[in-house]
Amino acid sequence: MRRRSPERSLPVVQLVHITKRFPANEVHALDNADFDLREGEIHALVGENGAGKSTLMHILAGSLPPSSGRIVINSVERRFKSPKDALNNGIGMVRQHPSLVPNLTVWENCALGAENGFFVHPALQRAQARNLCAQWGFDLPFDRRAGGLSVCQRQFAAIVNALLRKCRILIFDEVTAVVSQSEAARLFTLFDRLKRRGFSLIIISHKLDEVLSFADRITVLRAGKAVAALEAKNADVKTLNALMFGEPAPAGASPDAAEQPVYETSPSSKTARIGRRVILSVKNLAVEAPDKPFVRNIDMEIRSDSITGIAGVRDSGLETLELALAGLLPVTSGDIILNNTRLSSKKGGGTPDGDTPALFRNAGMAYLNADRTNACLAMDLSMWDNLVVHAHRRQPGRSFFLDTPFLDAWAQTIMARAGCSRSTREAASSFSGGQLQKLLLERELAELDALAKASPHPAPPDSTRGSLLILSEPGWGLDAQARKLLADKVRSVARRNVGHNAVLLFSTDIDELLEISDEILVLNNGAFSAKILVEDRPSFHEYKNRIIQAMTNKTGDLALRFYEPLLAVCTSKKPPS
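Under my numbering, the letters of the sequence shown match residues 956 to 1532, in that order.
Calculated from the structure, these hints are not laboratory results.
Heads up, a few of these hints could be off.
[Stated by the list, open to error] Label-pair restraints from in silico Cβ distances:
#1 Asn1239 with Phe1097: 35 to 43 Å
#2 Pro1312 with Arg1099: 21 to 29 Å
#3 Asn1317 with Lys1486: 40 to 48 Å
#4 Asn1317 with Val1027: 49 to 57 Å
#5 Asn1480 with Lys1439: 17 to 25 Å
#6 Val1027 with Ala1364: 45 to 53 Å
[Claimed, not checked] No farther apart than 20 Å at their CA atoms in a straight line, the calculated lysine-lysine pairs in the PhoX-like style are these:
#7 Lys1238 with Lys1486
#8 Lys1499 with Lys1486
#9 Lys1121 with Lys1039
#10 Lys1439 with Lys1193
Glycine included, C-beta positions come from ideal geometry on N, C-alpha and C.
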């Protein structure tokens, strides 16, 4: 991606001394933060979880009013009362998980709000949306309902909507955190094309290596303050981490050391610790569902004390298998057996009556979906409502009435474990992405404790019941420190209460799987193509190449070229030509 320096361009956006306080919980999210954006520039905004990145951009997008400070657009000071005001000034925001209307078609979602005048002209709007998709290379199923779109497709639909509204300033909030690496490569290409056409882009991201590859400038937020604004060509990962966390990188560390996976290095092999007890058994599983890639002939066993990773791209059936194992998709054939309880055993289509996610949970499973804001949370409800969503089934006595003191204690325990001091009565939408990630994980861990019938303590040694934690894309949207804490937490879950717990990870991030997993199963075209045991102190590139080869059916350099040109972007500061 060749950079054209926008240094001489005038700012199209100036955020001057922006302060944001939330009086209800005394949170000081932003403290005199400054930010500017030039025409034809890609400006990255980085910082640790909770630094104020999304809050600052929500203010620019009109979703939040600042407590103080000035918003200047094209040299004119503006006050935005709503996102509509920002859109009318050419500012659009694409979020990690865009909210589309699931029962409308894709083209209707693209055109929603972009109507010109009082009358609606469906044929004209559909043609305009289709022309934009052809112009920018978006391959969207225009007449399909939006509920079946992948995350990346929803993001493309949101971009088309912003372009139809004539937005020239585009904010992308962690969009590469929730897509596969090949989909991220498509986004990088789009960023470059938009920039060349004179669009101004703001990219919020935790992936510092990606940021360095495509950004012109980088602003670093720490504790609500803009602590640095620097040219990307003069920065490296070590410098950015030091600015983000206020700590120098370890002496002698390479510039990229903070971004490299850190493998567990105990004296014995990781695989030697995999228990002998089977928690989950899947036999000859096949799933064929509308608008989902199929999976067939799936056989696997998940044993106690282990962390098993499932690698693949979403189109290989990764999400299909995940949803089936969580009880959210009916199986076509095969068995899913959890803690010796057969949950799915229907030959020829469907699942037995009563097979629901609740039944899977009651058999000993906790599950965290990748779509945090739509599938895992009701963003307009309070955090209390979101944290006790399963707990009402755990309250003593199973009364018809809610045991409010019990549920209050449950929610407060989760808040404390997540290190969050805010009120549980605030809307989930007011919490940062990093806070939501931690709270959701702790909610599912509380479920594991309850499922072991000893909440909040581990199950007794003589218990015959095991617990399975299924995590999908657990590291999405987390900064480097938070990812390390997450890895430590996942390991502790698998290792505690020996003989009773197991973790199953679904991820398109090979680095994440190599860092955390004991073994990795590779999904390719709906079936497992390889099983890789991850020993201590592995050769990173050797393991990664083996996984990529199993995902692509190709070998050596051909596998790397086929799998992604993105590897060159993500492992080098030099953009490809």
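Against the structure, the hints:
| no. | hint | in the structure |
| --- | --- | --- |
| 1 | Asn1239 with Phe1097: 35 to 43 Å | holds (37 Å) |
| 2 | Pro1312 with Arg1099: 21 to 29 Å | holds (25 Å) |
| 3 | Asn1317 with Lys1486: 40 to 48 Å | violated (30 Å) |
| 4 | Asn1317 with Val1027: 49 to 57 Å | holds (56 Å) |
| 5 | Asn1480 with Lys1439: 17 to 25 Å | violated (33 Å) |
| 6 | Val1027 with Ala1364: 45 to 53 Å | holds (48 Å) |
| 7 | Lys1238 with Lys1486 | holds (16 Å) |
| 8 | Lys1499 with Lys1486 | holds (13 Å) |
| 9 | Lys1121 with Lys1039 | holds (13 Å) |
| 10 | Lys1439 with Lys1193 | holds (16 Å) |
Violated hints, in rising order: 3, 5; the structure is consistent with all others.
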